[in-house]
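Required output: the full structure, derived from the provided sequences and hints.
Number of protein chains: 2
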Amino acid sequence: MKILTVTGYKGGISKSTTAIHIATFFSDIGKTILVDSDPNRTALAWSSRGSLPFTVADERQAMKLISGNDFVVIDTPARPDSSDLKELAKGCDLLILPTIPDVVSLEPMLKTASDLGAANYRALLVIVPPSPSKEGAAIRSELIDNGIPVFKTMIRRAAGFQKAAFEGVPIRDVSSSKARVAWLDYLALGKEIMEVLGNG
Amino acid sequence: MKILTVTGYKGGISKSTTAIHIATFFSDIGKTILVDSDPNRTALAWSSRGSLPFTVADERQAMKLISGNDFVVIDTPARPDSSDLKELAKGCDLLILPTIPDVVSLEPMLKTASDLGAANYRALLVIVPPSPSKEGAAIRSELIDNGIPVFKTMIRRAAGFQKAAFEGVPIRDVSSSKARVAWLDYLALGKEIMEVLGNG
Numbered sequence: 324m325k326i327l328t329v330t331g332y333k334g335g336i337s338k339s340t341t342a343i344h345i346a347t348f349f350s351d352i353g354k355t356i357l358v359d360s361d362p363n364r365t366a367l368a369w370s371s372r373g374s375l376p377f378t379v380a381d382e383r384q385a386m387k388l389i390s391g392n393d394f395v396v397i398d399t400p401a402r403p404d405s406s407d408l409k410e411l412a413k414g415c416d417l418l419i420l421p422t423i424p425d426v427v428s429l430e431p432m433l434k435t436a437s438d439l440g441a442a443n444y445r446a447l448l449v450i451v452p453p454s455p456s457k458e459g460a461a462i463r464s465e466l467i468d469n470g471i472p473v474f475k476t477m478i479r480r481a482a483g484f485q486k487a488a489f490e491g492v493p494i495r496d497v498s499s500s501k502a503r504v505a506w507l508d509y510l511a512l513g514k515e516i517m518e519v520l521g522n523g
Numbered sequence: 324m325k326i327l328t329v330t331g332y333k334g335g336i337s338k339s340t341t342a343i344h345i346a347t348f349f350s351d352i353g354k355t356i357l358v359d360s361d362p363n364r365t366a367l368a369w370s371s372r373g374s375l376p377f378t379v380a381d382e383r384q385a386m387k388l389i390s391g392n393d394f395v396v397i398d399t400p401a402r403p404d405s406s407d408l409k410e411l412a413k414g415c416d417l418l419i420l421p422t423i424p425d426v427v428s429l430e431p432m433l434k435t436a437s438d439l440g441a442a443n444y445r446a447l448l449v450i451v452p453p454s455p456s457k458e459g460a461a462i463r464s465e466l467i468d469n470g471i472p473v474f475k476t477m478i479r480r481a482a483g484f485q486k487a488a489f490e491g492v493p494i495r496d497v498s499s500s501k502a503r504v505a506w507l508d509y510l511a512l513g514k515e516i517m518e519v520l521g522n523g
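Chains as they are written, first to last, in my numbering: chain A, 324 to 523; chain L, 324 to 523.
Simulated from the structure, these hints should not be mistaken for lab results.
Accuracy of the hints is not assured; some may be wrong.
Unchecked claim - Listed next, the in silico SDA-like pairs over lysine to any residue satisfying Cα-Cα at most 20 Å (straight line):
hint	chain 1	residue 1	chain 2	residue 2
1	L	LYS325	A	ARG364
2	A	LYS413	L	GLN384
3	A	LYS354	L	ILE389
What the hints assert, rightly or not - In silico negatives: residues of chain A with every beta carbon more than 12 Å from chain L:
hint	residue
4	SER350
5	GLY373
6	GLN384
7	PRO403
8	ASP425
9	LEU466
10	SER499
11	GLY513
Idealized CB from N, CA, C, for every residue including glycine.
Here is the structure:
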């Protein structure tokens with residue numbers, strides 16, 4: 324069983340969306356469960372509006388439900404403190420930290436990374452403005468220059484995520500060419516996560 | 324795997340002590356883990372001061388550690404609201420609600436029980452004044468008259484629990500005749516829990 328934990332140093336960084344789409348990717352490979360530990364219960368609500376290709380469990384039932392799964396994706400509360408982050412990292416195979424490519428987000432991300440030290444984590448650029456904007460690549464370089472491990476894949480901003488949330492499905496089930504492009508980003512991310520897990 | 328969750332409608336009801344001693348009982352029967360979800364981390368601190376005959380896991384590492392255990396005892400935060408209680412009950416095989424035998428505790432316990440409805444739970448009288456006091460039996464009757472399922476076993480008040488906490492061991496490892504008597508209460512409780520699980 325592989326455990327992937329998605330957490331955020333602040334709100335509004337598309338944490339639950341990220342967790343849902345990582346779980347969607349892994350549900351094609353093995354039995355997958357998403358544990359919703361975020362008091363907002365965004366993933367549970369998403370699931371209840373439509374249908375997701377994996378089980379979404381309330382954290383209070385997680386112990387009962389995770390047995391027999393190949394992949395466990397945990398959506399945590401936002402804004403953990405630094406001791407929380409370390410404990411979260413110890414509790415999973417990979418800690419994934421979505422981050423928005425703006426200068427305001429850079430400072431807390433650097434602080435978070437310094438708290439985490441050599442822990443098993445990767446930053447993930449999300450809500451990245453599409454080309455020709457270079458914001459994503461610029462912030463990614465900045466993070467790397469500061470010694471932070473960052474996924475090569477960046478998740479581009481796409482209106483389809485709103486629609487997917489509304490319909491209660493993953494973005495790959497939203498019928499628009501832009502939504503398909505957004506899903507390609509998650510496919511690439513999923514492959515990159517598998518590489519990291521393989522080397523771990 | 325059997326999951327036993329200990330929760331309380333208020334603080335100071337010996338919730339962590341109860342969880343630790345239930346886990347001690349089950350550690351003689353099968354591989355047992357106690358998941359400490361209480362922000363006070365009482366069970367983790369108890370364990371760190373000495374040695375307990377089972378693993379105590381920080382809740383943030385629980386998903387990684389529970390696999391392969393026969394018994395999972397969950398020590399929850401105190402004061403869950405009524406929706407929490409129902410979700411907690413759904414997430415376990417038996418929800419255990421320690422309660423103190425005083426009139427002040429009766430009202431919140433009755434409220435809690437009405438929130439729980441027909442869920443899989445049992446109230447447990449703890450910190451019961453020893454004979455000739457009849458307080459424990461009186462409150463137990465009161466709860467039963469109100470339709471609340473209550474363990475036959477009552478855990479008597481014993482100074483040995485303080486010593487056990489200080490030494491970081493279960494009370495059965497504290498050398499005094501009174502401590503041995505206190506452990507007998509937990510032995511009886513453990514047997515009663517096994518009966519309930521068997522019928523469940």
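We went through each hint and held it up to the structure:
1. LYS325(L) <-> ARG364(A): violated, 26 Å
2. LYS413(A) <-> GLN384(L): holds, 7 Å
3. LYS354(A) <-> ILE389(L): Holds, at about 18 Å.
4. SER350: holds, 17 Å
5. GLY373: holds, 22 Å
6. GLN384: violated, 4 Å
7. PRO403: violated, 9 Å
8. ASP425: holds, 29 Å
9. LEU466: holds, 25 Å
10. SER499: Given a closest Cβ separation of 35 Å, the condition holds.
11. GLY513: holds, 20 Å
When each numbered hint is compared with the structure, violations occur for hints 1, 6, 7.
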